[in-house]
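Dock chain B against chain A, hints included.
There are 2 protein chains.
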Amino acid sequence: MTQGTIFGVGLGPGDPELMSVRADRLVRGARHIAFFRKPGREGQARRIVNGMLAETATEFAMEYPITTEIPLKDPRYNAILSAFYADCAAHLAEMSGQGRNVVVLCEGDPFFYGSFMHLYTRLRDIAPVRVVPAITGMSGAWTATGTPITWGDDVLTVLMGTLPETELARRMADTDAVVVMKIGRNLDKIKRALRHSGLFDRAWLVEHAAMPNQTVTPLHETEDRVAPYFSIIVVHGQGRRP
Amino acid sequence: MTQGTIFGVGLGPGDPELMSVRADRLVRGARHIAFFRKPGREGQARRIVNGMLAETATEFAMEYPITTEIPLKDPRYNAILSAFYADCAAHLAEMSGQGRNVVVLCEGDPFFYGSFMHLYTRLRDIAPVRVVPAITGMSGAWTATGTPITWGDDVLTVLMGTLPETELARRMADTDAVVVMKIGRNLDKIKRALRHSGLFDRAWLVEHAAMPNQTVTPLHETEDRVAPYFSIIVVHGQGRRP
Numbered sequence: 001m002t003q004g005t006i007f008g009v010g011l012g013p014g015d016p017e018l019m020s021v022r023a024d025r026l027v028r029g030a031r032h033i034a035f036f037r038k039p040g041r042e043g044q045a046r047r048i049v050n051g052m053l054a055e056t057a058t059e060f061a062m063e064y065p066i067t068t069e070i071p072l073k074d075p076r077y078n079a080i081l082s083a084f085y086a087d088c089a090a091h092l093a094e095m096s097g098q099g100r101n102v103v104v105l106c107e108g109d110p111f112f113y114g115s116f117m118h119l120y121t122r123l124r125d126i127a128p129v130r131v132v133p134a135i136t137g138m139s140g141a142w143t144a145t146g147t148p149i150t151w152g153d154d155v156l157t158v159l160m161g162t163l164p165e166t167e168l169a170r171r172m173a174d175t176d177a178v179v180v181m182k183i184g185r186n187l188d189k190i191k192r193a194l195r196h197s198g199l200f201d202r203a204w205l206v207e208h209a210a211m212p213n214q215t216v217t218p219l220h221e222t223e224d225r226v227a228p229y230f231s232i233i234v235v236h237g238q239g240r241r242p
Numbered sequence: 001m002t003q004g005t006i007f008g009v010g011l012g013p014g015d016p017e018l019m020s021v022r023a024d025r026l027v028r029g030a031r032h033i034a035f036f037r038k039p040g041r042e043g044q045a046r047r048i049v050n051g052m053l054a055e056t057a058t059e060f061a062m063e064y065p066i067t068t069e070i071p072l073k074d075p076r077y078n079a080i081l082s083a084f085y086a087d088c089a090a091h092l093a094e095m096s097g098q099g100r101n102v103v104v105l106c107e108g109d110p111f112f113y114g115s116f117m118h119l120y121t122r123l124r125d126i127a128p129v130r131v132v133p134a135i136t137g138m139s140g141a142w143t144a145t146g147t148p149i150t151w152g153d154d155v156l157t158v159l160m161g162t163l164p165e166t167e168l169a170r171r172m173a174d175t176d177a178v179v180v181m182k183i184g185r186n187l188d189k190i191k192r193a194l195r196h197s198g199l200f201d202r203a204w205l206v207e208h209a210a211m212p213n214q215t216v217t218p219l220h221e222t223e224d225r226v227a228p229y230f231s232i233i234v235v236h237g238q239g240r241r242p
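Protein sequence lines correspond, in order, to chains A and B.
Residue 1 is where the first sequence starts when you use this note's numbering, and the numbers rise one by one after that.
Residue 1 is where the second sequence starts when you use this note's numbering, and the numbers rise one by one after that.
Bound conformation, chain A alone:
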């Protein structure tokens, strides 16, 4: 029997109309889908495709065993997640072996800080895998601000809010445009780093980019807001513009 293909399909920032034509076709035609989510949640990737799936499509929900319950630096964190990804990959490989194509729904772009990469590296040598790129969450965020992110020779630095404060501040002070992802409980630390680097007054917080509940707020007006993990901070470049 011919092996089925595992498709890692980027869904983009959240608006179904911002999915690629190819992603739209694959999702609507899928007989089997898979997606990550927290236990007890619908899952953001699954929500984006609401109303697009065939009635007979089977769904494989891959539920993270942990998210923030164990600190990143705890060795158990890696061990637990590694076993989880191995289990998920084994299940997908089995489906492929049965000749089934599976569409794995991925928020944003699969190869850009995405969870799918952990399946991809475990599957690519044992099953046919294809990746469909997508509009990144950060593109959705800077488009939402109504201002271009980079001009001319601007340097863009993409930072994770999980980095140490001094590291964030140092890199923010040494670039033209900044995107910070993975905000959530890191927001206060990120704000301090932005103040330290002189970028605070130019920073914007974008929550739920490209979704009906999208908000775009100058960071200095966010006060004590708690931002969702998948919100994005943007500082626009100021480069050459004829």
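Check before you lean on any hint, since a few could be wrong.
Remember, identical chains collapse to one label, so a pair may be satisfied in a single copy or spanning two.
Straight-line C-alpha distance at most 20 Å; calculated EDC-like pairs for lysine to aspartate or glutamate [claimed, not checked]:
id	residue 1	residue 2
1	K191	D224
2	K189	D153
3	K182	D153
4	K189	E167
5	K73	D153
6	K182	E94
7	K191	D153
8	K189	D24
No wet-lab data here; the hints were simulated from the structure.
Below, chain B alone, put in the same frame as chain A:
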């Protein structure tokens, strides 16, 4: 009369199937399109939508008066381009005033180092403008390499090949993942900077990402190749991967 809307529509990296559902719909339904190109060329943006346009669609080709004939630092460069963008914007504003919607075709993502930004800033206060984000050329490039670009807390730095060599080398040596755009005649300089920063052996050159003539080559195997301006160099991050 109601003003027409100017749509800045990102087309993505080049494969028409990687256009968003919204972009696809806008392009196919357009009665008026506009696009940049070099004089005497078809234009990359225009080529991507071949076969998608209504037969009756009008086309406004905006032909760059200069590209590399005058150095960037020559003050005439800015003056000539500025007048060009002002002319194009005036023409589009006039169409909008006549109640016409115009779809401006943009390679990649309009707000990410795109020429449309120069029209956008001239139009947004005088006409309705909407921007449709898209898959960036760099997403097309890293997907083409078959390897994820960033993991865990990786820092991604996006650099223009037009920057000075020492600046390129310094920044390459101080990041996890790198994307270099605007290659062309800067290729030798970029190679030296990558060697200096120790990243040369991990660098890939992607030409014509997501197009039928796509090539993906380890940079050290490119020898004396002349790379097209819109090729992209990618160095993948090595971050945390459970």
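Checklist line | Alpha-carbon proximity between K189 and E167, which holds within one copy, between copies, both or neither at 20 Å | finding: within (11 Å within a copy, 28 Å between copies)
Next item on the list: Give the relationship of K73 and D153 under a CA distance limit of 20 Å: within one copy only, between copies only, both, or neither.
Entry: between (37 Å within a copy, 12 Å between copies)
Item checked: Same-copy or cross-copy closeness of K189 to D153 [CA-CA at most 20 Å] -> Result: close only across copies, 15 Å inter versus 29 Å intra.
Check: Is it within, between, both, or neither for K182 and E94, if the alpha carbons may be no more than 20 Å apart?
Finding: neither (33 Å within a copy, 43 Å between copies)
Margin query: As a check of your reading, is K182 near D153 (CA-CA no more than 20 Å) within one copy, between copies, both or neither?
Written below: Classified as between; 9 Å across copies, 26 Å inside a copy.
Note to self: Please sort K191 with D224 into within, between, both or neither, judging by C-alpha distance up to 20 Å.
What the structure shows: Within one copy only: 11 Å inside, 46 Å across.
Notebook entry, point to check: Should K191 paired with D153 be assigned to within, between, both, or neither, using CA atoms and 20 Å as the limit?
Noted result: between (26 Å within a copy, 18 Å between copies)
Notebook entry, point to check: With identical chains treated as interchangeable, where does the CA-CA distance between K189 and D24 reach 20 Å or less: within a copy, between copies, both, or neither?
Noted result: neither (38 Å within a copy, 41 Å between copies)
The structure fails hints 6 and 8 (numbered hints given earlier, in ascending order).
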